[in-house]
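*Asks:* The lines below spell out each chain.
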Amino acid sequence: RKEVEQDPGPFNVPEGATVAFNCTYSNSASQSFFWYRQDCRKEPKLLMSVYSSGNEDGRFTAQLNRASQYISLLIRDSKLSDSATYLCVVNKAADSWGKLQFGAGTQVVVTP
Amino acid sequence: GAVVSQHPSRVICKSGTSVKIECRSLDFQATTMFWYRQFPKKSLMLMATSNEGSKATYEQGVEKDKFLINHASLTLSTLTVTSAHPEDSSFYICSARDRSLLAGDQETQYFGPGTRLLVL
Chain A
15 RKEVEQDPGP FNVPEGATVA FNCTYSNSAS QSFFWYRQDC RKEPKLLMSV YSSGNEDGRF
75 TAQLNRASQY ISLLIRDSKL SDSATYLCVV NKAADSWGKL QFGAGTQVVV TP
Chain B
8 GAVVSQHPSR VICKSGTSVK IECRSLDFQA TTMFWYRQFP KKSLMLMATS NEGSKATYEQ
68 GVEKDKFLIN HASLTLSTLT VTSAHPEDSS FYICSARDRS LLAGDQETQY FGPGTRLLVL
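Chains A and B supply the protein sequences, listed in that same order. In terms of the numbering used here, the first sequence opens at residue 15 and continues consecutively. In terms of the numbering used here, the second sequence opens at residue 8 and continues consecutively.
A few of these clues could be false.
With a Cα cut of at most 30 angstroms, we get these calculated DSSO-like pairs of lysine-lysine [claimed, not checked]: (1) K93/A - K49/B; (2) K16/A - K48/B; (3) K62/B - K106/A; (4) K71/B - K21/B; (5) K16/A - K71/B; (6) K106/A - K49/B.
Calculated from the structure, these hints are not laboratory results.
Here chain B stands alone, though its shape is the one from the complex:
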């Protein structure tokens, strides 16, 4: 099946620093990628939808200046957590939708393995 990678898988940083997370679709082109955040024992929460070549759309309550998203190509989207604070510590997961799939299958999203961020 389709493969999505994320890098890094784990990052520990000091409060106030910025952290960039990469999400890549390895064997397919993804016009749309999604960024989620998951706290322990909680559901995945959609943060933003990243569209190739255009600005990301953010969910209500998600600060766009805090979580910068860039979708520069059909296989790469990046999420930058700017001036990270301890409350940003979480599991960040991206997903990608395969543009080549038929309409009925286009809702299938392939998830990356996630990035664990710990801000000290």
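In isolation and in its complexed conformation, chain A is listed as follows:
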């Protein structure tokens, strides 16, 4: 089983619609969670950290469910510029500070 699993998609989303997707992680000792965005042939860029109580940043909402070991990302009012691959990222273990484990990404395609 992969340490971080994501639905690869693509999720085809009409502009203005809402899209949500999850990511599951296998290491129950994981402490930190992030969503990164990666555009085609570019480096990943931090979208947002995910906090235990859930958090929102503009049109983006992230949730963490420790019991079921998954995190989610919801994008409201999708823009064409939201088209990208969204990477779920988990720190590898509580005692390997800084080491991140990446999912393979969920592709989102926002269409006009």
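Starting from the known structure of chain A, fit chain B onto it as the hints suggest.
*Replies:* Chain B only, in chain A's frame:
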């Protein structure tokens, strides 16, 4: 935000040659830099953790004699792919952690733009 550069952005080389990739933190000091490799449609895989002034620590399955890492200063780490072969063709990305950040933010990593290596 913090900026990390990589050089070269793209390299094509013949099988058997060595290729050096530089990763620089431009406006901050990074005690720790990370090297990743990404194959098409796959996740980033951590190869090694580079600590300034000490030996790099490699992930399981990554050959340290194949991928030489040098972290000579707080702003520069280099990855040398020795005797490159076609299977080494990949997207190599470095990231750096800003030592000046408060504890809670120190997990934020800033990524370089990546280096595409093609070995013929």
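*Asks:* Taking the numbered hints from earlier one at a time, note which ones the structure violates and give those numbers from smallest to largest.
*Replies:* none
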